[in-house]
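J.: Make one complex out of these two single chains by using the hints.
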Amino acid sequence: MQEKHTMPAPARHYFWNDPDKRALVFQIIVTVAILGLAFVVVENTLSNLEKRGITTGFDFLSQESGFGIIQSLVEYDETHSFGKTFIVGLLNTILVSVLGIILATVVGFLVGVGRLSNNWLVARVCGAYVEIFRNIPLLLQILFWYFAVLRTLPSPRQSLDLYDTFFLNIRGLYIPAPIFQEGAIWIGVALLLAIASVWVIKRWAEQRQLASGKTFPVFYTAAVIVIGLPLLAWFMTGQPVHWEVPALKGFNFRGGYAVIPELCALLIALTLYTASYIAENVRSGIEAVNKGQTEAAFALGLPKSRTMQLVIIPQAMRVIIPPLASQYMNLIKNSSLATAVGYPDLVAVFAGTTLNQTGQAVEIILITMSVYLLMSLLVSLLMNMFNKKMALAER
Amino acid sequence: MRKATGLAAALALTTSFSVISSAQAASTLESVQERGYLQCGVNTGLPGFSSPDDKGNWKGMDVDTCRAVAAATLGDADKVKFIPLTAKERFTALQSGEIDVLSRNTTWTLTRDSSLGLNFAGVNYYDGQGFLVSKNLGVKSALELDGATVCIQAGTTSELNLADYFRQHKMEYQPVVFDTSDQTISGFEAGRCDMLTSDQSQLYALRIKLKKPDSAMVLPEVISKEPLGPVVRQGDDQWFNIVKWSLFAQLNAEEMGLTSANIDSQKKSDNPAVGRFIGKEGIKGKGLGLADDWAYQIVKQVGNYGEIFERNVGEGSPLKIARGINALWNQGGIQYAPPIR
Chain A
1 MQEKHTMPAP ARHYFWNDPD KRALVFQIIV TVAILGLAFV VVENTLSNLE KRGITTGFDF
61 LSQESGFGII QSLVEYDETH SFGKTFIVGL LNTILVSVLG IILATVVGFL VGVGRLSNNW
121 LVARVCGAYV EIFRNIPLLL QILFWYFAVL RTLPSPRQSL DLYDTFFLNI RGLYIPAPIF
181 QEGAIWIGVA LLLAIASVWV IKRWAEQRQL ASGKTFPVFY TAAVIVIGLP LLAWFMTGQP
241 VHWEVPALKG FNFRGGYAVI PELCALLIAL TLYTASYIAE NVRSGIEAVN KGQTEAAFAL
301 GLPKSRTMQL VIIPQAMRVI IPPLASQYMN LIKNSSLATA VGYPDLVAVF AGTTLNQTGQ
361 AVEIILITMS VYLLMSLLVS LLMNMFNKKM ALAER
Chain B
396 MRKATGLAAA LALTTSFSVI SSAQAASTLE SVQERGYLQC GVNTGLPGFS SPDDKGNWKG
456 MDVDTCRAVA AATLGDADKV KFIPLTAKER FTALQSGEID VLSRNTTWTL TRDSSLGLNF
516 AGVNYYDGQG FLVSKNLGVK SALELDGATV CIQAGTTSEL NLADYFRQHK MEYQPVVFDT
576 SDQTISGFEA GRCDMLTSDQ SQLYALRIKL KKPDSAMVLP EVISKEPLGP VVRQGDDQWF
636 NIVKWSLFAQ LNAEEMGLTS ANIDSQKKSD NPAVGRFIGK EGIKGKGLGL ADDWAYQIVK
696 QVGNYGEIFE RNVGEGSPLK IARGINALWN QGGIQYAPPI R
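Protein sequence lines correspond, in order, to chains A and B. Heads up: the first sequence at position 272 corresponds to 272 in our numbering, and the numbers run straight through without jumps. Heads up: the second sequence at position 267 corresponds to 662 in our numbering, and the numbers run straight through without jumps.
Treat the hints with care, as some may be off.
[Said to hold, decoys possible] List time: in silico DSS-like cross-link candidates among lysine-lysine, alpha-carbon distance up to 25 Å: (1) B:K662 / B:K681; (2) B:K535 / A:K249; (3) B:K681 / A:K333; (4) A:K249 / B:K530; (5) A:K249 / B:K565; (6) B:K607 / B:K620.
[As the list claims (entries may be wrong)] Reference listing, derived: stretches of chain B covered by chain A, where coverage requires no fewer than 3 residues with Cβ under 8 Å from a Cβ of chain A: (7) 484 to 492; (8) 532 to 545; (9) 564 to 575; (10) 585 to 593; (11) 627 to 640.
None of these hints come from the bench; they were simulated from the model. Owing to the predicted nature of the structure, the values given are computational and were not obtained by experimental measurement. Glycine included, each C-beta is placed from N, C-alpha and C at the ideal position.
Looking at chain B on its own, in the form it has when it is part of the complex (with noise of 0.2 Å):
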């Protein structure tokens, strides 16, 4: 009897305790709104997608996929938080709620969709990994580097499709594994490895961060798709309409022709596509829970898909990367948006 009543008292501790663990947060909408500000995950440091400038501040792809949510969100694309994580941190982070979107350059794959609780929102990269090799080792192609030692950040699908690739053309290599991209392009410069392997815009945007970007030269392989997008958590799918929506928005936006420069003199415009996109007409923002002028917002204070990547990673940039499969579908890309109606 006695042990009896200090067990009742041990459970009515604990079912205190699974009463307060089980009271779930309000929705990541309203918590974003209550708290003014949006988190955001980002990359440590990867020119053209997230890195911050001379000032401090976070410029990218990545950045503006951010920058855009907040716009819909908060009205107000300068209110994100950004938080720098590794590839290691980065699921762990978001699964927690520390982020309220991880937009860092992440590949989407099956095991990532339907083992870790997250939600894939869309692509605003396609992306393939390639090869970094400097330029004296002599080497044109990817099938010449049997034996090679290769630089690699941890926790990437550039680590899988690496193995699959030398497996598959029976070659050997040593894998030297590192934490950021700034030490796999350290690792590379002295000369630890012979070549450094991932997807080809960060390639791109490591060269730069050589000493001698000329010394090295990306080969022209590609490995593997790579569709880079924001992610959310599963489970609250209001939020993951709004990120993905706001991708689409962007999309939208330059097939009609509305930049961040014409977007307040198309106010008027007479096409009633036009007026569903800047909130005038069609359901405006109801079903995302969001003001009526979300996606004007997006496009006044970021700017359309092609002005983003112009100017983080096109020729508005020192990368200088072509659209490639990134155009529009009309447009000879692979990049496609439904309709705002």
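Only chain A is shown next, with the shape it has when bound in the complex (with noise of 0.2 Å):
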């Protein structure tokens, strides 16, 4: 203590000479008046909604919603509360853009292989897709699959059909439905029996092939087991899984799924549309490979279909995958324009209908725009830890 008193006295120390508490100040205010604005912005809505007497809260997602909904995934019916129109609207939001994922990504890439390959009409072909796609605004697009080409298939009397099984007619595509009866758990737990074996004989196969050379030829195997196993499980098992086959019935077919023309429009366009980038994704990502990786995969004497599957794409996928993931996200938000074909979407049940029923806007779409937040903050996520697998694996 006494040592402390016989060192120099400090020169009056203010905290605005420190930058660090400065800086923290700083930090304070900023957040102070976003939070403060953010309350006057809410307290401000709620009572100029009062004033004007228009209702506020959550109740309504508990009343009866009164209206139909022609595609559900889950129950649904008129006697159902706005709440579930809620879940219905987002699980064809979730349906649509799903996939729509997985077939824009299959198109993409394949297109985008496709404008590298050497033979000169596949390459055109491929690019003058991604050039007419791509350059044309998607709710034209989706107004054009919708108008243009679904509207010309015929009434549902006069359906096209494929061995009377599949049908299809202005109103949807009707293919059969699987019935499942007693004793039919055990082709599925077959199936997961044969996708186990599967991966166990892939692991062998590569640690196989790490110590002696020997290629084995999985893919085939695989195919084998992954449709052999559960087909023995069906016969086994004495068949217990029938087709319920759509039929004419009054007005429109019944029984078996029914794929309404709104999806297949969104879906098609949606698909096309996006593949169109990714393919310029992927065209760019095989492009930034050192073309010494490809030569030195010939020098090795692997075959060119090798090559790009084990040297290629590999080390493009680090460039494709983050911009990837954008295209993900542009596909899940481009979904919302279902509500100019009439597809059942979030946007067009519960943010249309459900808001103009219940009239209470700012609750709904709050609601509907922290979905599509957290959607493709999800596919960020994702994204990002597939990313970091696949990112090089410094040694």
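T.: Structure, rendered in structure tokens:
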């Protein structure tokens, strides 16, 4: 204690002379100002809504909806609640987004690789595809598929059919639906077993190749196991799965699954549009891989397809994945254009009909926006994880 | 202490915002008169109610409701800016102040009147929901429509009535929901749906848009009550009264036999009711905050209710809808207006 008194007294130390503390103060001021602003916006909205006699709150979610929805992945009819319409709309959005992402990725990769093909015709066709679909507004493409293409299909009574099992008409595509009876569970068990054994075989084949250099036809073995085992189970349990074939009853086909034309139009348009961007990502990714890699692979005697599969694509993925994530998010957000053709997605059902029947715009738009935000963040998270896995492992 | 200063600054900032935001705009009448024209929300295209003609002028019952309000408030029925709205957009447009009056074949219901912060100012057309089907379906009654696919407009009472009707009769249906009535009729025409449901007046209006109007027919069933009328925001009673009495003036004029053609010659009439109507006697325009000749201007420039009806949806129009319940109360209908005195 004594010692400290003998030290020369420091110059008076003000907090604003310390850059760290100064920064902290400014940050607090900004945070408080933003929070204050948010508070005022919310407060102001609430008081104005009340002043104008507009109902607020989330009570409407448990009220009976009173309207029907053409496509629902869960059980729904007009006696269910407005909250349920949210679930139905959300699932429809997820359905078209997931299908769209899968299809767009497949088409995008094929076209992207095709653009670099040595075959003049393939390369030009893929190039033309990209230039056409990338440069026409998506909304027009959706309307084109819906009004110009699907509207030319025949009426239910003149349906196009395939072996009297699949039917295509202006009301949609009707396909048989499986009906599971007792014992059908064993087919599922067999399928899981098949997948597990394929995984084991793949591990074994990789290790054997590393040790001895001998290759094993994993793909064909896997195909036989995955198709064969469930088929075997099907016969052994006495064929417990039947197919419900759609049939024309009254005005429409009943039974089986119906794929409505609104979903088809939206899915085709989203797939083709997004695939044209993904194709360009893939092409740039492949071109970013040094040509020396190809030459080295050829020098080792790898055939062209194996070079692509083992050397080029794994390296190209590092360039492809980050922009791929944003294309996926674009696809999810673009799926809200569904409302233009009457596909019952989240925006059409929840932010459309439900909003209009309840009049609670602020709550519903808030919920809808948060859901899209969450979905995009989720995709971003998953793609970042995937990216980390694929990133160059530094040794 | 330092944090408190920041907080105080933030509070000062926010209070200045709330002062700005809580400053309310002038009354609707004042802002319309200052602006010089009326902003009126109408249908995007429904023949007979609101649709632009080949010269781009808006025509129809709902359009004339707007024109009557403009004639009463501004003395000129042409000073209206028509804002076409879909069913989904209409209430938000009115709530947010984008329009002064919503006159877009809107059904008056308890939910809408009580929870949207809006007021229905009256009924300019009594309607009911019906079904339009293609003749080659061979259907004679809506009860034969089990399993049908239905084209319908999003955000309408039709959507709810349809569900009620099919549920009540234990029938199944598949709704194909579009944003505009044009889309519903094109979906119907293409065969996407077996039938189209909407208010009956709309069905007649949409039917004439078909390439072959005779190929479709309106079924006899009327499954709901659809009183259609203009809507205003809650909280401005003066404006509410103006819109309400613009309708009543049309009905009173028809009842008194005043038309756009004869109202000038009636100016010297000895009938005290006519004198009150054209603003020579009585309360005149004072109570509404309007010019004394507000009702005269409506009839002179737009016409009485009968004229408006016949011109837009009645015998003088392609729709040829009968007056039915929309006739005056003393002629077998239910259109009735309180007296102007």
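J.: Hints first: check each against the structure and report whether it holds.
T.: Hint check results:
1. B:K662 / B:K681: holds, 20 Å
2. B:K535 / A:K249: holds, 18 Å
3. B:K681 / A:K333: At roughly 54 Å apart (the allowed maximum being 25 Å), K333 (chain A) and K681 (chain B) break the hint.
4. A:K249 / B:K530: holds, 19 Å
5. A:K249 / B:K565: holds, 17 Å
6. B:K607 / B:K620: violated, 29 Å
7. 484 to 492: With 3 residues closer than 8 Å to chain A, the segment 484 to 492 of chain B meets the three-residue bar; holds.
8. 532 to 545: Contact hint for the segment 532 to 545 of chain B vs chain A: holds, 6 residues under 8 Å.
9. 564 to 575: It holds: at least three residues are needed, and the segment 564 to 575 of chain B offers 7 whose Cβ sits within less than 8 Å of chain A.
10. 585 to 593: Result for this restraint: holds, n = 4.
11. 627 to 640: holds (count 3)
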